[in-house]
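Following the hints, complete the assembly by docking chains B and E onto the known chain S.
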Amino acid sequence: MKIVQKTITLKARPRGFHLVTSEILSHLKELKSFHAGLCHLFLLHTSASLCINENADPSVRHDFLAFTDRLVPENEPYYTHTLEGSEDMPAHIKSSLYGQNLTIPINTGQLVLGTWQGIYLCEHRDFASNRKIYVTMIGE
Amino acid sequence: MKIVQKTITLKARPRGFHLVTSEILSHLKELKSFHAGLCHLFLLHTSASLCINENADPSVRHDFLAFTDRLVPENEPYYTHTLEGSEDMPAHIKSSLYGQNLTIPINTGQLVLGTWQGIYLCEHRDFASNRKIYVTMIGE
Amino acid sequence: MKIVQKTITLKARPRGFHLVTSEILSHLKELKSFHAGLCHLFLLHTSASLCINENADPSVRHDFLAFTDRLVPENEPYYTHTLEGSEDMPAHIKSSLYGQNLTIPINTGQLVLGTWQGIYLCEHRDFASNRKIYVTMIGE
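Same order as they appear, the protein sequences are chains S, B and E. Counting in the working numbering, the first sequence runs from -3 upward without gaps. Counting in the working numbering, the second sequence runs from -3 upward without gaps. Counting in the working numbering, the third sequence runs from -3 upward without gaps.
Here chain S stands alone, though its shape is the one from the complex (with noise of 0.2 Å):
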């Protein structure tokens, strides 16, 4: 049994819904040195996402943005905290309904996914910068 550590950083991007599967893996070649063991993702901000969904027709990712925009709308007249931009009370409150953590089993060196699973960073500010996520692996 061992224990791997490490942060990656994900490049910056737009409000949205962004499919970063093949991003987060390109970080993560210590992945084939397990034959077992689970992958822990922490995104270390309070104004984004991660989420898994379905990795194929862009549509459902544009989707989720037009949804999760007016589920949690801007410029709600009781919101008091204001001061950082109209998006970023409702980016705080989207970064927890989907959360910021996963964690996804590890087989055989590789990440188990469905066949229609893709992990997506939830970016809800308008103008974010990198993203960074803590990894832990654990297993064998």
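If you're looking for bench data, these hints aren't it; they were derived computationally from the structure. Nothing here was measured: the structure is a model prediction, and the numbers come from that model.
Chain copies aren't distinguished; within one or between two, either way the pair holds.
Straight-line alpha carbon distances no greater than 20 Å define the calculated EDC-like cross-link-like pairs of lysine to aspartate or glutamate that follow:
(1) K128 with E19
(2) K2 with E136
(3) K(-2) with E136
(4) K7 with E19
(5) K128 with D84
(6) K7 with D122
(7) K2 with E26
What follows is chains B and E alone, placed relative to chain S:
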């Protein structure tokens, strides 16, 4: 320390929130060999979810469905991913809002759950097939 | 590699989003003995949640409550689970939307959290008692 991984299959169910604790446990006889650890359940799909909620009154599961169908409506004019049925895009969104993965503690050969906690399979499609869960048990 | 498990109790709080990082850490002196690992927090309840969000401006927590109470309203005519109080069924739904379990990396004896990240106890009931978290620390 050891790891056991396996894929289990839950029988097909109609759209709704279904209590599946017993069905999952019936596939996890290996739990008995763990004194302490974690059990990670990873649903290999993008239109269903796993979550934890009340294991007693079925009215809770009824109301989860009624609320969730209103939270993420079908046939929104701004949906563009519409070819797979009117409930398909909402199913993707619901899948990520409730999430597809759960980690539950293991102690003395059993899952550690609160008195009122059970595992729900949240089926968001109308005519889904069997649902597969990739299970990783890690511990000692 | 080792595992430490324990149940910790958070004091009762009113309905709201509460920053509990310090209270949780005060119960987890064992973290110091881990060089690298994962800390899994599992809330043993179905009407409260654990999530991660901003640890600084209290207005964020205020707005989380205001938004969440509107997202999942009380007294909806289609609710059938109504005997335990008007906020009970909404509390169940909120509990699963934000989730009851969190996994946080451990490095050099401390939880790895982003600069602005803190742990929230999301209390969805009006008159809740203490809340119990089953903690599993695994690593080396």
